[in-house]
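The whole structure should be built from the sequences, with the hints applied where relevant.
As a plain string of letters, each chain reads:
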Amino acid sequence: MLTPLFVLLARLRALVARQRCDAEFDDEIATHLALLTDDYVRRGMTRDEARRAARLAFGGAAQIKEQHREHRGLPFVDATVQDLRYAVRSLRRNPAFAAVTILTLAIGIAAATAMFTVARAVLLRPLPYPEPDRLVEISEVNPLKDWTHTVVAPANLADWRARNTVFTDIAGYIGLDDRGASQYRAFLSGAGDTQALSGIAVMGNLFDVLGTRPLAGRTFSFDETFEGHDGVVVLTYGTWQTIFGADPAIIGRTVALNGRSTTVVGVMPPGFFFPNKSVQFWVPVGVKPDVFASMRQPHWMHTVARLRPGVSLAHAREEMTAIAADLERSYPDTNTKMGVRLEPLHAIMAADARPTVLMLGGSVALLFLIVCANVASLQLGRGVGRAREIAVRRALGAGRARLVRQLLTEGLVLSVAGTAIGVLLALAAPPVLARAAAGVLPLYATPAVDSAVLTFAAVLGLVAPVVFGLMPALTSSRVERLSMRTETASPQATRARETLVACEVGLAVVLVVGSVLLARSLYRLQQVDPGFKPEHVVSFTLSLPHPRYDDPAQARGFIEIERRLKEIPGVQTVGGASALALRGTTYTSTATIEGRPPADYQQELRHKSVTPDYFRTMGIPLLAGRFFDAHDGPTDLVIIVNETLARTYFHGGSAVGHRLKFANPDDTDPWNTIVGVVADEKQDGLDKDTRPEAYSSLAASSQNPLTFVLRSNLSDDAAVAAARQTVRGFDPQVAITDVAPLSDVVAASIGSERFRAALIGAFAGVAMFLAALGIYGVLAYVVSQRARELGIRLALGARRQELFAMVVRQGMRPVAAGTAAGLAAALALTRLVGSILFGVRPGDPASYAVSLTALVAIALAACVLPAIRATRVDPLVALHED
Amino acid sequence: MGDSKSEILQGTLDLMVLQTLEAMGPLHGYGIARRIEQISDDVLSLNQGTIYASLLRLQQRRWIAASWGTSENNRRAKFYSITRAGRRQLATEAENWQRIAGVIGRMLRLAER
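From first to last, the protein sequence lines stand for chains A and B. One point on numbering: in the working numbering, the residue at position 868 of the first sequence is 868, and numbering is uninterrupted. Every number in the working numbering is 882 more than the matching position in the second sequence, counting from 1.
If you are wondering where the hints come from, they were derived from the structure by calculation, not from laboratory data. Fair warning: this is a prediction, and the values are worked out from it, not measured in the lab.
Stretch by stretch, here's where chain B covers chain A in the computed footprint (C-beta under 8 angstroms, at least three residues):
(1) 2-11
(2) 21-35
(3) 50-60
Don't be surprised by glycine CBs; every beta carbon is placed ideally from N, CA and C.
Quick look at the structure:
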């Protein structure tokens, strides 16, 4: 039957037209009474008697109207609207309370939402490929070489492809540095000015593994992996839009990439990226087929594979481990102890950022709890102040549930306002975060506010009032009788507020200890000597366009550029290196040190090519032997090693005069003679120990691109401008990238640590402030409620210092309890962040002492004002108050 | 009067209102109340105001309809009339009522013996 629906519709209609309905019903009743009165008059009553009799016969008009109203509309909605109005009215009467509550909530929700935005971008949002959780990264591990997660050798990859039954396919790609940024630069001409684009080189089956269809054109075929078929490129949507102006005839268009004629065969859809957003195009790796057939070292390919439907990761691991063991037996020279590691692609991509994000997320959760405790305490204080109002309403017949509901509605109003402001703040967060966290967030993650983020904020906004509103509401509504007691501080409510303050202090202790630990860790990092002197040095990377500068023109070109750079007035020294410390790129090779046992040379050895003045420019001191000089030519087999290598392999004796080669012992490669030992410079990060490293002379082992360092007494900007002009004067087609003062490079290498420390520091600051606010709020309230008592005490001869001490004691009681609990929690929780601390143990006593001192100082400060007020109570005024 | 008046059940009042409108045609609230009192020979105690709860209920179920008109002494009044659905409901309810009244009557007669 439709009847229930009709009833609902009628009630809804009445809800909308409540004023008109009220007026009509008033009319109807008036008419009824008039007719009834007339009737009585006809029966012989006087008009007054008749009117009275009519009202009696009709019954209580007010009750009937109320009943009518209740049955006419939806009483729940009606009551809610009433509650909302009441809440807004009562909050407007107390704007300070409302403002503090709303702002506190807004801060909490903004921080939590902003953090969730980051967590979603990094950890939660699925990668933009079909069934992204079936994608796996395969890397190689080798205990002999200390490898736990290394790029793979092409022939191993080829054998995995041929033998496995667990993947639909395995693809490889190259061109990323250790931080995941594209380091493969290509110079594109044929679309306006020559531009440097970043891309990666991939195997032809990559897009099939990822499973994404192109927006236009096609992706690569497997055959295009190989040399001779590789004159093709696939563009990102962004590259097509910005570089090619969304050219509708892009497919089939021929462009020059690094001077080589290349055909655009496809454009990927918007939002697609692989493996991150620094990549603007994909080209085939273009290797010779026999590389795939036989090259088992060096290792240089990243991989991605797709699990077959129904195959578990564990099963895949099992099979791949077996295949690796087979390869180990077949190729003992290269594959001894060479194992595989399989991890979900997303987990690997997020691995570096994960601890930071989780730690920050945890901190924000603590902060949010503090916010809730603070607001609850504010509500409680207000509830006590309103005890009289509530008692009156109770006496007038308001049910307890109704009162609780009304107080909750008030909480909801506050929380909606706070949430709205918080979300607005959080909306502004992504660009700020993107700037603050540049180089900290993984390159695939772009924080953005989407529906999930808004839902999260809304849920917080709805949960918060339950957390902070329910308890005060229950306490307040328990007031049963009107009495004098309701005018003074209710002991339960004060105790509850003190408990909340203790919680706030405890949570704040955890955050403060965490932030102090991170700050100390950051300080320790900043104190680390990078091994070079970055002041007054600018660095930039030069790429010589292929193929005009292929060997031997390459080394000659770089040497000529270096010579011209040195002639810039104000420049002291200039050097170049194939890789710069702390910038995320490393080259390693198998090496053999003459006369050393295999355990030594089987370590992969880091190496880079440098120009003679590299060390002087960087300020790296020479410890033994000599630097390279202009006489070291292409055929001179000389090499310089760092202190760690000399110490590790030549135990105190001088390394100079010994020989090493970048090959296995049995290979016939020529030996290089060690001519110098230089002091260590940091390599992968300030927090990482320096590993053995060898430096080749650029003249003998040229690398393109080459990073220059230039020491001058010019300002950084002037030095860069002069260098640009010089390079352009040499050849306008040489691309200049990664321009940065060397001190910025050092700073950027600890950007992540600085970001973490700054953020946690901010959280801790807010936490302390809120805790102080909580202490102050309770104490100020207690003092105002006890003014009479204090006045009597004063009148009876109590000294003011005693009152001061009494108030401070009362204020510090919850602080002491909270601190004790907080310390215990901090000891347990900071253990979790031990892995991201440098030079500081999670239990570092100094950090705890500093944190405690700061907190106690702030807590005391929060006590002082109410305590002073307590001593200023005028006994006469206080006693006259009643 | 007092002693012999009886309280009436909510559903019963609805039924009486429907029957009144069916028998008399459109009426205002006062008219309905008056009519019910007359029919019952003033046996039923009726706070006349309670009729409006019943009228609202019946209106929400679309068994009666209302429109504004002018009363016999020129006052603005709301006139109620029974709808088609109301007649169907009346028929069903009347039948129910009679069946139950019959059963109760039999039971009371049995008890008297």
